[in-house]
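Residue numbers (our numbering), protein chains in the order written: chain A, 1 to 114; chain B, 1 to 220.
Treat the hints as calculated values from the structure; they're not laboratory data.
One or more of the hints may lead you astray.
[Unchecked claim] In silico lysine-lysine, DSBU-like type, Cα no more than 35 Å apart, as pairs: (1) B:151 x B:135; (2) B:10 x B:151; (3) A:25 x B:10; (4) A:58 x B:10; (5) B:135 x B:25; (6) B:25 x B:57.
Remember, it's a predicted structure, so these values are computed and weren't measured experimentally.
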Amino acid sequence: MHELAITESILEIAVRHAEAQNATKITDLHIVMGQWASMVDDSIQFYWDIISEGTIAKGATLHFDRIPAALTCLACGQTYQPDVRALFCPNCQSTRIQVITGEEFRLDSIEIET
Amino acid sequence: MPERIPVVEKILSANDRLALENRAKIDAAGLFSINIMASPGAGKTSLIEQTVRALGKKYRIGMINGDILTSLDADRAAAAGAVAVQINTGGDCHLDAVMLHSALNQLDLNNLDLLIIENVGNLICPAEFRLGTHKNVIVASIPEGDDKPHKYPSMYRGADVLILNKIDLLPYVPFRMDFFRQGVEVLNPGVTQLNLSCSSGEGLAAWYTWLESNLTLKNG
Chain A
1 MHELAITESI LEIAVRHAEA QNATKITDLH IVMGQWASMV DDSIQFYWDI ISEGTIAKGA
61 TLHFDRIPAA LTCLACGQTY QPDVRALFCP NCQSTRIQVI TGEEFRLDSI EIET
Chain B
1 MPERIPVVEK ILSANDRLAL ENRAKIDAAG LFSINIMASP GAGKTSLIEQ TVRALGKKYR
61 IGMINGDILT SLDADRAAAA GAVAVQINTG GDCHLDAVML HSALNQLDLN NLDLLIIENV
121 GNLICPAEFR LGTHKNVIVA SIPEGDDKPH KYPSMYRGAD VLILNKIDLL PYVPFRMDFF
181 RQGVEVLNPG VTQLNLSCSS GEGLAAWYTW LESNLTLKNG
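Start from the sequences and build out the full structure, keeping to the hints where you can.
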């Protein structure tokens with residue numbers, strides 16, 4: 001239920017960057033979202049349709065680039081996607097792990113008309 | 001023709017900036033602050049009550065409680081002797097830096113040594129929103145089960161200290177300590193884990209020691 005604040009934040013960032021380029025319209029937003037980012041893209045889309053109304057981003061398409069969580073085992077070197085049952089290395093059961101991807105949550109780029 | 005321009009900005013950057021402002025405000029008053037996060041029923045409020053009773057004569061303790069409704073938890077902390085402020089989020093599942101910013105204005109920070117923020121009971125959302133406190137405290141509990149680190153990785157990633165509460169229930173509830181600990185180690189290698197029981201009092205002394213060592217560092 002925190003996606004309204006998140007969506008407002010996305011709109012603020014997009015409009016600020018678009019206006020710096022003297023854009024008249026934002027047509028597309030590219031959002032990078034890791035699996036562990038605890039965000040629901042359908043909810044963001046729902047709020048987006050409401051709050052982008054009346055702004056230069058009205059009607060813009062949201063693209064979500066979802067990044068799966070990837071972990072690398074520091075003991076055996078295996079890179080893996082965590083199992084639904086456990087996080088440790090499926091190869092050697094080590095818990096010495098580095099998180100490589102999955103925590104991203106950023107507005108990567110926007111497409112504008114000037 | 002539409003033109004694609006790079007943005008590459010963290011979506012939570014506005015919250016993070018305000019969290020830095022909160023931190024500056026807390027630091028200016030010279031107090032130590034913690035953000036306590038846990039699922040509903042893990043024992044956040046019980047831990048705070050015990051802490052205020054044990055340390056409230058030595059330190060001036062302020063407490064900010066975030067809940068969807070009611071001031072029950074803030075009332076419990078106040079009854080134990082803390083200066084308590086209630087934030088009703090009205091449905092929001094977490095506290096964010098904006099809410100803390102306004103709550104800080106309701107406390108006389110210069111007359112406090114320790115500020116305890118009790119976040120909304122939830123293992124998902126609070127992890128994403130930095131508040132500006134010095135340390136994040138996660139409270140897990142035996143009856144929740146040993147799989148919680150594996151299922152809620154973000155929450156465990158951000159912990160500075162992990163409390164495992166209700167250890168008095170270990171004889172009655174299946175809980176694989178090694179499995180729990182494996183998940184914690186993957187997400188947060190070497191994090192301090194304090195096993196305790198707020199109802200029996202076992203293990204609380206180590207928690208007070210952790211708090212006091214941080215308070216001493218901060219308050220001199």
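Ascending list of hint numbers which this structure does not respect: Violated hints: none; all satisfied.
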